[in-house]
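Spelled out, the chains give:
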Amino acid sequence: MTDETDAADRRRTRRRFLAIGGAAGVVGLAGCTAERTGDGENGGGSSAGDDGETGDGAGDDGSDGGSDDGSDGDDGAESDDDDDTPTLTVATYGSFIDAPSVSPGEWLKEEFESRVDATLEWATPDKEVNYYLERAASGAPIDADLYVGLNTEDLVRVDEELDDDLFVAAGDVDGADDVRDGLLFDPFDRAVPFDTGYVSLVYDGTETEAPETFEGLLADDHQGDLIAQNPGGSSTGRAFMLHTLHRFGDGPDGVVEGGDDDPDYDYLDYWAELQANDVRVLGSWDDAYTSWSEGEAPMVVSYSTDQVFADMEGANLEEHQIRFPNDQAYATPEGMAIFADADTPDLAREFMSFMLEPDVQGEIAERNVSFPATDDAELPDGYAELAQEPADPVTFTYDQLQGSLDGWITDWERQFAGN
Amino acid sequence: MAATVAVLVAVFYYPVGTVLVESVVVDGVVTLGVFVELLRDPFYFGELARLFAGENPLAVARALASPDRRLGIVGFTAYQAGLSTVASVALGVPAAYLLARFEFPGRRTIRSLTIVPFVLPSIMVAVGYVATFGRNGTLNAVLTGLGLPTVELMFTLEAIVIAHAFYNAPLVARVTTAAWESVDASAVETARSLGAGPVRAFVDVVAPQVYPAVLMGAALTFVFTFGTFPIVLALGGFELATVEVFIYRLVGDLNYAEAAALAVVELVISLSVLAAYLRYEAAQTVTSRGIRPLPRRSLFPPAPTVRELLPRLGLAVYVVVAALVFLAPIASMLLASVTGGDGGLTLDHYRFLLERQRTGAAFQVRPWPAVRNSLVFAAASALVALPMGVIVAVATTRQYRGRTLVAAVAMAPFAVSGILVGLGLLRGLVFGVEVAGWRIAVAGSAAVVAAHAVAGYPFVVRTVAPGLESLDRSLVESARSLGASRARVLRDVELPLVWPGVVAGAAFAVAISMGEFTATVVLAAGADAYTMPVAIERFIGRRLGPATAMGVVLLVVTGLSFVVIERLGGEYRGL
Numbered sequence: 001m002t003d004e005t006d007a008a009d010r011r012r013t014r015r016r017f018l019a020i021g022g023a024a025g026v027v028g029l030a031g032c033t034a035e036r037t038g039d040g041e042n043g044g045g046s047s048a049g050d051d052g053e054t055g056d057g058a059g060d061d062g063s064d065g066g067s068d069d070g071s072d073g074d075d076g077a078e079s080d081d082d083d084d085t086p087t088l089t090v091a092t093y094g095s096f097i098d099a100p101s102v103s104p105g106e107w108l109k110e111e112f113e114s115r116v117d118a119t120l121e122w123a124t125p126d127k128e129v130n131y132y133l134e135r136a137a138s139g140a141p142i143d144a145d146l147y148v149g150l151n152t153e154d155l156v157r158v159d160e161e162l163d164d165d166l167f168v169a170a171g172d173v174d175g176a177d178d179v180r181d182g183l184l185f186d187p188f189d190r191a192v193p194f195d196t197g198y199v200s201l202v203y204d205g206t207e208t209e210a211p212e213t214f215e216g217l218l219a220d221d222h223q224g225d226l227i228a229q230n231p232g233g234s235s236t237g238r239a240f241m242l243h244t245l246h247r248f249g250d251g252p253d254g255v256v257e258g259g260d261d262d263p264d265y266d267y268l269d270y271w272a273e274l275q276a277n278d279v280r281v282l283g284s285w286d287d288a289y290t291s292w293s294e295g296e297a298p299m300v301v302s303y304s305t306d307q308v309f310a311d312m313e314g315a316n317l318e319e320h321q322i323r324f325p326n327d328q329a330y331a332t333p334e335g336m337a338i339f340a341d342a343d344t345p346d347l348a349r350e351f352m353s354f355m356l357e358p359d360v361q362g363e364i365a366e367r368n369v370s371f372p373a374t375d376d377a378e379l380p381d382g383y384a385e386l387a388q389e390p391a392d393p394v395t396f397t398y399d400q401l402q403g404s405l406d407g408w409i410t411d412w413e414r415q416f417a418g419n
Numbered sequence: 001m002a003a004t005v006a007v008l009v010a011v012f013y014y015p016v017g018t019v020l021v022e023s024v025v026v027d028g029v030v031t032l033g034v035f036v037e038l039l040r041d042p043f044y045f046g047e048l049a050r051l052f053a054g055e056n057p058l059a060v061a062r063a064l065a066s067p068d069r070r071l072g073i074v075g076f077t078a079y080q081a082g083l084s085t086v087a088s089v090a091l092g093v094p095a096a097y098l099l100a101r102f103e104f105p106g107r108r109t110i111r112s113l114t115i116v117p118f119v120l121p122s123i124m125v126a127v128g129y130v131a132t133f134g135r136n137g138t139l140n141a142v143l144t145g146l147g148l149p150t151v152e153l154m155f156t157l158e159a160i161v162i163a164h165a166f167y168n169a170p171l172v173a174r175v176t177t178a179a180w181e182s183v184d185a186s187a188v189e190t191a192r193s194l195g196a197g198p199v200r201a202f203v204d205v206v207a208p209q210v211y212p213a214v215l216m217g218a219a220l221t222f223v224f225t226f227g228t229f230p231i232v233l234a235l236g237g238f239e240l241a242t243v244e245v246f247i248y249r250l251v252g253d254l255n256y257a258e259a260a261a262l263a264v265v266e267l268v269i270s271l272s273v274l275a276a277y278l279r280y281e282a283a284q285t286v287t288s289r290g291i292r293p294l295p296r297r298s299l300f301p302p303a304p305t306v307r308e309l310l311p312r313l314g315l316a317v318y319v320v321v322a323a324l325v326f327l328a329p330i331a332s333m334l335l336a337s338v339t340g341g342d343g344g345l346t347l348d349h350y351r352f353l354l355e356r357q358r359t360g361a362a363f364q365v366r367p368w369p370a371v372r373n374s375l376v377f378a379a380a381s382a383l384v385a386l387p388m389g390v391i392v393a394v395a396t397t398r399q400y401r402g403r404t405l406v407a408a409v410a411m412a413p414f415a416v417s418g419i420l421v422g423l424g425l426l427r428g429l430v431f432g433v434e435v436a437g438w439r440i441a442v443a444g445s446a447a448v449v450a451a452h453a454v455a456g457y458p459f460v461v462r463t464v465a466p467g468l469e470s471l472d473r474s475l476v477e478s479a480r481s482l483g484a485s486r487a488r489v490l491r492d493v494e495l496p497l498v499w500p501g502v503v504a505g506a507a508f509a510v511a512i513s514m515g516e517f518t519a520t521v522v523l524a525a526g527a528d529a530y531t532m533p534v535a536i537e538r539f540i541g542r543r544l545g546p547a548t549a550m551g552v553v554l555l556v557v558t559g560l561s562f563v564v565i566e567r568l569g570g571e572y573r574g575l
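So the protein lines, in turn, are chains A and P.
Going by this note's numbering, the residue at position 148 of the first sequence is 148; the numbering climbs one at a time, nothing skipped.
Going by this note's numbering, the residue at position 64 of the second sequence is 64; the numbering climbs one at a time, nothing skipped.
In isolation and in its complexed conformation, chain A is listed as follows (with noise of 0.2 Å):
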């Protein structure tokens, strides 16, 4: 700063040096993607709505877009590969493909590929459905065919957020009139469910009896016996505070009428109760799971198919009943829903009856650890003896939770976390 003497070809030594070290910044761009965007030449672009709808995907893009194999857009195939396989890439939550245990993933690509002849690619980005949600929102276009693994809360938010639709009508879908009655969650028939599940508790019979009521909960001899997970962050949590909700309503005011035949008394003031009594509230089903396996506390709430992975394990099933609270659990169906932007609709809809087929059925059942969506499944014998069932599977409709899911957790959370 003092010498003006430095020369210029100095300077440029300095830029060289420094450049050396901004090299693997410059390498990022090597991590880089350009694609063409909006000017009709590919109909997977980012002008979204205005090709998927009529489910004339398939059909015409046999150009290309030029940023692969441009030369090759012979005979219409929607792929990226060089030979004439279709690609069906389905987007799904982690533990779907990738579990420690066991997962459906891998059985239903072989499987699918060997039933059909296209390719399927598993898309499993960390935030789940609200990836696609967000690329829709930012107006990136989606590189899905469709989404397994979606529920009702999850649609709610999609059509809340986006003013474009982000899933499609399934439209035709062979075995779809299969489907067990009660278990169709979505009224506008985007998402056609695959599976489902139970929410209820799960507890240690050799260090507790868990009781038969939600009104049992609040029992002295079961203080601190309960381990719940946060319904803002966790599916399990969200379920259970809505089992809550349905059996005591949100109040005088509210739009939901509790079972218990107390308009006054709430789902808050039941979970004030159920705090008072020292509930332990963690952030996910692992924390709350691992602190229940640990002893913590002998109640957890979880799947009602607890047993099933307890058997697989060798464990003492006495340590992992099922109690369903007033004989109910709080039913988590999952329904897969093709993209507006899919390449593909046709063959995602293939996928779809795939999934319904009653082997196939079967399969995800024991593989995902759930229900078969459909009344003519392939069942294993004795599965039904370790994953239960309840006698009276509750659940809250896509209309009863539109407008009012995010404003019961908010005042569940300002309760809760008030300090």
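Among the hints, erroneous ones may be present.
With the Cβ distance kept under 10 Å, some of the chain P side facing chain A (calculated, not the full set) [said to hold, decoys possible]: (1) Gly-72; (2) Ala-131; (3) Gly-237; (4) Leu-254; (5) Asn-255; (6) Ala-361; (7) Gln-364; (8) Val-430; (9) Val-552; (10) Gly-559.
Here are some chain P residues pointing at chain A (derived, C-beta under 8 Å) [to be verified]: (11) Glu-239; (12) Asp-253; (13) Arg-351; (14) Phe-352; (15) Trp-438; (16) Val-522; (17) Leu-544.
Hints are computed from structural coordinates only; laboratory data are not their basis.
In this text the structure is predicted, and so the values were computed from the model without any measurement.
Yeah, the Cβ is synthetic: ideal placement off N, Cα and C, and Gly gets one too.
With chain A's structure known, arrange chain P on it following the hints.
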């Protein structure tokens, strides 16, 4: 410089900016309404919200002084961060004393391994803590064995504070050890020869050189624990939810305006703490550090006297506490990785890793690619973070107006909500931006490396800047007057003199990269760029075994890496 700024803008300031701006731009209109509503919400700000709502400050002060005051989520978050900072300093400084002032077998290895807690994913720490401090944990087993009453630590504020100390006390220990080692022995000897007793010499000579390091460790601990997230809900419960928990929820609901506003509040508080520290550091003019370090004493003196035994007795007590806080959870994790469903010992979980490696489908996460990617990304991101950190350190140790502000802003990657950084990277890089009809998107290995470098470079700044600050300016000026360019001076004069800090910074950059999860999982599109923490998350299931086995792999790989780095880097100072 330009490259550094480019990397920072591309993978940090631009993506984060696009999210934060949502707090003031709602539906295309610039507004402060979101902030006003937030600041006046007692749920977040407790009694202070009344101040923001225009109430009489005296009335608010009275309310704050009353026992049934409301802290609000923000207040509680600061409160637990303060407690965690105190605990981390209390557990970190004795470790620094032990490591800086005593000689014993394995000292250097233990010093290298102090960085290991930094890389452990919170789920692993949670597993270790439940097994150690839980109802049926190691601590209670020991207490029962001694005939003492058991303690209920789980789901309390104490559990969170101890877990935060697990992560951050080693950080305090590292900075403080480095400062202690660089106290000049001759200054102490001069003080003693002038008649000062050992206590006086410590207070007047040693302590002033150690304080700044302790404060730096404390400031960083506060910032890290202020932004804490999964560990709070894993060990404490929702009653103890922090700001970050609500940012996570709001982002999940796509309520970006409120999430961004909360993140700005978090950022302002964290940056204020860092800026306050930086002002203090700048005011400290400790020159000529570490010409001749104080000699280490043997931990086991040949002829014990009371004067020598007392501090060692204190250290013995400390070692027992440290073993419980640091070693027991890690040991519990090791144990969990070899415990089967029936409670017996088994190697099944490691067999699972081998099996997954051998037969896992291409789309599944396999252990070896995770290990390989982690090592490659760590090395690459350290290579990027080092020049970035050195350049920013040079830029912030020059004298000009507002440099504290520049220095504080350069620390922003420490202070911005991790959840928002992830969201920004997703929307800004993975989804891409549209430029002249082309959508430019960035993902994959190179982006992961850049993101890790950005997360790690502030450590390099903090390890290098104090050294540069205390360099004798006349060295630089003489070199310049002899015709050396600015770059030449940096390379030939300044860098060699602060080399120990550079090595220490590299160690931290590697640690950050090894442990990073949020940005990695966003940018590692597909299954080809995942790292060990991502693999651990994938292997979490109903059984703890597979994930803990992968956790042990992470532990061993990082532990070995640090021993190697610090052996290669030589004896150093800095962090």
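To see whether the hints hold, each was checked on the structure:
Interface restraint check: Gly-72(P) against chain A, minimum CB-CB distance 8 Å, threshold 10 Å, status holds. Hint status for Ala-131(P): holds, given a least beta-carbon distance of 6 Å to chain A, under 10 Å. About 5 Å separates the beta-carbon of Gly-237(P) from the nearest beta-carbon of chain A, less than 10 Å, and the hint is met. The interface hint given for Leu-254(P) holds, since its Cβ lies 5 Å from the closest Cβ of chain A, which is under the 10 Å cut-off.
The restraint placing Asn-255(P) at the interface with chain A holds, with a minimum CB-CB distance near 8 Å, inside the 10 Å limit. Evaluation of the Ala-361(P) hint against chain A yields a held restraint, the C-beta minimum of about 5 Å falling below 10 Å. Against a cut-off of 10 Å between C-beta atoms, the interface hint on Gln-364(P) holds, since the closest Cβ of chain A lies about 5 Å away. Because the smallest distance between the Cβ of Val-430(P) and any Cβ of chain A comes to about 8 Å, under 10 Å, the interface hint for this residue holds.
Hint on Val-552(P) is violated. Least Cβ distance to chain A is approximately 15 Å, over the 10 Å limit. The criterion of a C-beta within 10 Å of any C-beta in chain A is not met by Gly-559(P), whose closest approach is roughly 24 Å, and the hint is violated. This hint holds: Glu-239(P) has a C-beta 6 Å from the nearest C-beta of chain A, less than the 8 Å allowed. For Asp-253(P), the suggested interface contact is upheld, since its CB lies about 6 Å from the closest CB of chain A, less than 8 Å.
Below 8 Å, beta-carbon pairs count as interface contacts, and Arg-351(P) has none with chain A, the closest being about 12 Å; its hint is therefore violated. Because the closest C-beta pair between Phe-352(P) and chain A is about 7 Å apart, less than 8 Å, the hint holds. Taken as an interface hint, Trp-438(P) checks out: its beta carbon lies about 5 Å from the nearest beta carbon of chain A, inside 8 Å. For the restraint placing Val-522(P) at the interface with chain A, the shortest Cβ-Cβ distance is roughly 7 Å, inside the 8 Å limit, so the hint holds.
Evaluation of the Leu-544(P) hint against chain A yields a held restraint, the C-beta minimum of about 6 Å falling below 8 Å.
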